[in-house]
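A.B. asks: If you're matching them up, the sequences are chains U and G in order. Once you know that position 641 of the first sequence is 641 in the working numbering, the rest is easy, because the numbers rise by one and skip nothing. Once you know that position 23 of the second sequence is 744 in the working numbering, the rest is easy, because the numbers rise by one and skip nothing.
By construction, these hints were calculated from the structure, which means they are not laboratory data. Check before you lean on any hint, since a few could be wrong.
To spell it out: a stretch of chain G is covered by chain U in this simulated footprint if at least three of its residues, at any positions, have a beta carbon under 8 Å from a beta carbon of chain U; those stretches are [stated by the list, open to error]:
hint, region
1, 737–744
2, 806–819
Residues of chain G clear of chain U, computed beta-carbon distances all greater than 10 Å [as the list claims (entries may be wrong)]:
hint, residue
3, PRO724
4, ILE729
5, PHE734
6, ARG747
7, ILE752
8, PHE770
9, ALA771
10, VAL773
11, HIS774
12, VAL789
13, ALA790
14, ALA791
15, ALA792
16, GLU793
17, LEU798
18, VAL802
Using C-beta positions, here's what the derived DEER-type ranges look like [claimed, not checked]:
hint, chain 1, residue 1, chain 2, residue 2, range
19, G, LEU800, U, VAL711, 23 to 31 Å
20, U, THR683, G, SER807, 34 to 42 Å
21, U, GLY673, G, VAL794, 54 to 62 Å
These numbers were taken from a predicted model, which means no experiment stands behind them. Cβ atoms here follow ideal geometry from the backbone N, Cα and C, with glycine treated the same way.
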Amino acid sequence: MHLSETVTGFYFLAPWLVFAPVIGLLINAVFGRQFSERVVGAVASAASGAAFVISVLLAYSVWANHGLAVSVPFAEWIHIGDLKLDWTFRVDSLSTAMMLVVSGVGTLIHIYAIGYMHEDVRFKHEEGRFARFFVFLNLFIAAMMILVSGDSYLMLFVGWEGVGLCSFLLIGFWFEMDTLARPSWANSDAAIKAFITNRVGDFGFLIAGFLMFWHLGSFQFDEVFKAAPAIAASAPWVIVAITLFMLIGVAGKSAQIPLYIWLPDAMAGPTPVSALIHAATMVTAGVYLVTRSAPLYTLVPEAQYIVAMVGAGTALFAATIAVGQYDIKKVLAYSTISQLGFMVAAVGMGAYVAGMFHLITHAFFKALLFLSAGSVILGLERGHHAHAHHAHDKKPAKGIKTAKRDAYGGHDDHTGAVHGEVFDPGDMRNMGGMRKTMPVTFWLYMIGTLALAGIFPFAGFWSKDEILLDAKLHYPSVYWQLSIAAFFTAFYMGRQIWMVFFGEARTDAARHAQESPKVMTVPLMVLAVLSVVGGALNLPFKGFHQLGHWLEYTIGEIEALPLDLQVAGISTALALLAILISWLIYGRTPLKSNQPDPLKKPLGFVFTGMENKWFVDEGYGVLIITPFKRISQFIADVIDWRFWHDFVHDTVIAGTYNWVSSIALDRYADQKGIDAFANWIGTATQWISGNMRKVQNGFVRSYALSVLLGVVLILGYLIFK
Amino acid sequence: MVPVDYYIVLSAFLFTIGAMGVLAHRNPLIIFMSIELMLNAANLAFVAFASVHKTFDGQIFVFFVIAVAAAEVAVGLALIVEIFKSRRNIDVDEMNSLKG
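For reference, chain G alone in the conformation it holds in the complex (with noise of 0.2 Å):
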């Protein structure tokens, strides 16, 4: 069997690139999608202990982050779409009409 750490690594290995895909792009729909990449690496690493521990608690816990990151996207491309429809243009950059 596969030792954890292997997994872990792999998990912060994803987290990191949907960080840095974050940080790094001025396209919305690109950060979302390194969102996505962020919660699946959490969700490995539920689904990684919940073998080791022999339970359901993180199984259910991805369920969860699953439900929660298709909500999140549902309510996120429709507020992309309406900024794009009154800005035409999504780069975030430019939207900083909320600063301090």
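If we strip away everything but chain U, and leave its shape as in the complex, we get (with noise of 0.2 Å):
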């Protein structure tokens, strides 16, 4: 329904969801030179902050409606002939959910960024960099709200192509150096490949949205939806291509099963762009997508049953993967790889509350745990400084140094082109013991642990077992698959937190690590206590399901599943079971440095496989890529140089014209013709002229008798005319 003067609420507020953080980020954009660090981050979060007190309004002026679903119209986009696009902004309980979680733990990040870059952009040696970072994160803030609050698809796309952007931005944002801030294309590249990664799903997104305007007539949500049931019936195919190229979409955004490459390699961006946008946000945006597709997916259950197989292959195999990673943010992002599939299987198999469910809290406790993660990698980058001048101070470079001090020695950066060797403080086979060094990073990293692991009554452990009840009761084969993959999650997190928190420290960073400023720690306790009690958000008992009945607004009824005992202790005894493995494996005897992992051995090939990440990107580079390239190659040098430049243009059409142009033109009519006729009139009036001028004798009695002649001739022509 469209906004009248008998709504009452906040709805006219929608527009500001997207222009408060384009304000800030104008701000920024101008100004951020002359401005303090301090200046940068506060405009840049009360932008997002803004967008988030707007998002509670709406929400509440939602729930005073009792889910009144609200179109604002906002401006007019395309109008041609009986096409009409608009840019309206839809405000329903369903994109108020996503509003909160996208502005809510985007203004938390964007408080810890204002720590995170502060000494970032000092440890990679170019501070100028800070205002430019907040002003992607604003631009992504927009993004995001304009596609979650779009009232049709092609808003919704609007949005998809602007995150992917900010995405690119965020990822490359070190673009001529890589993580370690050696000068590389590395980060570049890594951006590059998320970015046409992502194309290759909007490619399917958009055929999708064509398919979708073709057949149903609209891109509008409630006219697709309205037109949907009897496409359905008459040309079931419709709804069936609709909704698997949609998928297509969905698997490159949300990094599904096979467009999953990219989200690891996007951990080359900075550690609050992993949280926000590869964790917490954007990636979700897929599971946003199919969830508001709802009333088209709901008619075919083929494509129900294919995304919740890709949803659920895709969380298991991204969680063997995570179990051989070394890098702490690279576990991270196969995990929320792998949780992503537990998200898009869910709402592929029409459970869409607990897939959003889901979707919020992993949006809490990955974050946390992403940002834990950065507070990790820089309190090694601390403690390897502190370390490297201090010990610089102490023994001024002469003399024999011995080979470990060579690799932390009195330099600044980790380049050690004079040492050779390279700290990467990203690598957990570079941390251990930092449990005593970092104690509030340790806890909050416990809590998002927990809550990952689905520990009761951490909010993973509600929201994962409502998937796995709804798994359990549609699609056995979806329950086992997300059962394993569960286990894996509690076992590489375990392996994780014994490699970090526990033991030894491996090496003198570790052992020197420093705890992190306020302005990074209190966000994340923001998170954690989000992480611990955001399971309330949609208890299964009988009365309660808050999020289902707010999102029964949007999507309409859906059943409300009590506390099934049995799977609940199902996956929390896997949980625990794998927990103590990993203790097992990685914490009764702690990890040595140089010792290579100790499930290397009895796995063997297998973990040669996990560390490798199943030589996946190496066989899309062999199956795509490498032919891609060879026939692009062909078509560049052979077709198009060879043959069109050489052949065509230069042999065919360059010769043909040269030859006609000096033969016919040139020898025939140009030089026999024009010329010879130019030639002709010049000899011509040459030869008449020598002629003549004997005339001229000067004799002036001859050119009386030529006149009198002439009289005569003239006279006598008269007369006997």
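Using the supplied hints, reconstruct the complex from the two chains, each of which is provided in its own coordinate frame.
C.D. replies: Structure (structure tokens):
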């Protein structure tokens, strides 16, 4: 329904969801260089915070009006004949839920980023980039708001592309260096990889959009859903095609098989980006899209089944890879892929509330985990630098250094150009024992881990079990895949905890790690609280199911499942078992420095597979990228250059033209025709004048005679005419 | 009254003598005199036609011709005197420096 005088509430504020962050980014883009870091961060956080306040007011309006969904027309966009595409905001229970997550988590991450980027830009010797980071971050919030608040698939797509752009910009934020600040295009390559992989998915989304427009006649959510049942009855393949092409888009944005490969590389971006974009918000856009399109998916169970299988497969597959990773953020990245698989499986099964529930709780605890990991990394950086300077001061650069000192001694950067060894603060093998040096981060990390592992009563427990229960009732195969994935999740998180926080410090940097400042830890504490109590959003007891009731306003009737003790018991037991196994392997005898992973020996090639991401990237390289490059090379070199340029253009067209002009035109027409004629006139004139000049002999009497003769001739002619 | 044909014949006769004089003589003074003769032959024809047609048009033309002839002689004699001064010779056959 459209906004009218009778509707009360704050619906009219909807456009400011987008404009608040846009204003913030404009201020920082124009004045960011003059402002101090504090002001830049405050402006950006305030802009994001304003979006959060507006989201709260909008959610309140929806609540006060008993779930009234309102379209707020904002601007005319494309009007051609009957085609009318407008920028309209849609405020309903589903979009406000997303708005709250995006702006809420986003604001916390903005605040955290003030502290994180302060040090990040210093470790990478480029303080000028501080303001740019917040401009991008605000731009992302604006784009994400367009995505979740759009009233049509077209506006959703605009936001969809916008967040993709911001993801690209932020992954490649340190575009001319790698994550260790060495000169390299690695980060830029990661950004391009993310962008192109997403483009593949977006192409699917676009095809879905066009199919929708041709067969259903609109992009507008309501109109599409209204027209869909009739089409589903007459031509069911249309809806199947739309939903499956949409699934390709979902696979791109939400990092599902087969397009998940960009997300681990996206860890090249600064850690707040990993938390905000690549864990909490943008990657969940696919889940949101399927939930939003619930009326379409409900019509085609085949498509639902495929979505569920893709999600479950991704959840399991990515979870196995996470087990073999050493980079603290890579583990979390694969964990994110895996958890997104849970969500996609849920929405594929029609358990939209469970999917959205997990989306929200995951946003809390995965953001917490990523940000805590960022805190660990910075703590290690600080420890590394403090130790390096300390050693440098104590013992000036003279005399013989030990090999160990070489690695850390006397250098401000990690490149170790002289010493040849590189210190990676993100590598878990460089950590160990950090619960003593970074206690606050440790406890925060523990909360996030327990929530992710699904331990009662943390948020992840409730949302994951709701998905598992739905899976058990609808698709048993999905249920066991997800259960194994959950087991792996608890295992690799346990592995991470033992490797990072327990045992002995394996490097000097870990030994001298320092706790992060308040500006970073306070937002983490808020997220930690949310990770603990987030399950309260949708308790599976009679009379609760708050999130379910809330989303019912938009999605329609949804079955509210009670807590199933069997499912909960099995999943908790699996999680605890996994943590126990991880303790046996990694906790009981802590990893020593330079010791290979203890799983490497017993698992053999399986672990090599996990370590190397099952060689999927290499497989894509062989199957797709190399042939693609060959074909493009062939097309560019042989077809385009040699055939078109050399043969067709140079030989056929230019050659023919040259031949025609030189032979036919130059030699015959020009030389023998025009030139000859002109020359003939000249020659004739010369000849005539040469003969005529003989008449001009200067003798007056001969002139007179010729005049006389002329007169006689004329008179004779006149007389005898 | 004498028929006009006689005047025409006389005019033609005089004109022919003048023309021959121009063509045959080398001395520019003689040539000038011959030109005068030709002009007067034409004047005679004008006067004869004027009297036949009973108009004054021919008479008026005669006045013009006489005026032009006087001017021509004035300019021509001046040129001849100047040429004679510089070359000491007024033979027209030797004055061919303007030949093509």
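A.B. asks: Each hint: holds or not?
C.D. replies: A quick look at each hint next to the structure:
no., hint, result
1, 737–744, "holds (count 3)"
2, 806–819, "holds (count 6)"
3, PRO724, "20 Å, holds"
4, ILE729, "14 Å, holds"
5, PHE734, "16 Å, holds"
6, ARG747, "8 Å, violated"
7, ILE752, "8 Å, violated"
8, PHE770, "17 Å, holds"
9, ALA771, "22 Å, holds"
10, VAL773, "20 Å, holds"
11, HIS774, "21 Å, holds"
12, VAL789, "17 Å, holds"
13, ALA790, "17 Å, holds"
14, ALA791, "21 Å, holds"
15, ALA792, "19 Å, holds"
16, GLU793, "14 Å, holds"
17, LEU798, "16 Å, holds"
18, VAL802, "17 Å, holds"
19, LEU800/G to VAL711/U: 23 to 31 Å, "24 Å, holds"
20, THR683/U to SER807/G: 34 to 42 Å, "41 Å, holds"
21, GLY673/U to VAL794/G: 54 to 62 Å, "58 Å, holds"
Of the numbered hints listed earlier, those contradicted by the structure are 6, 7.
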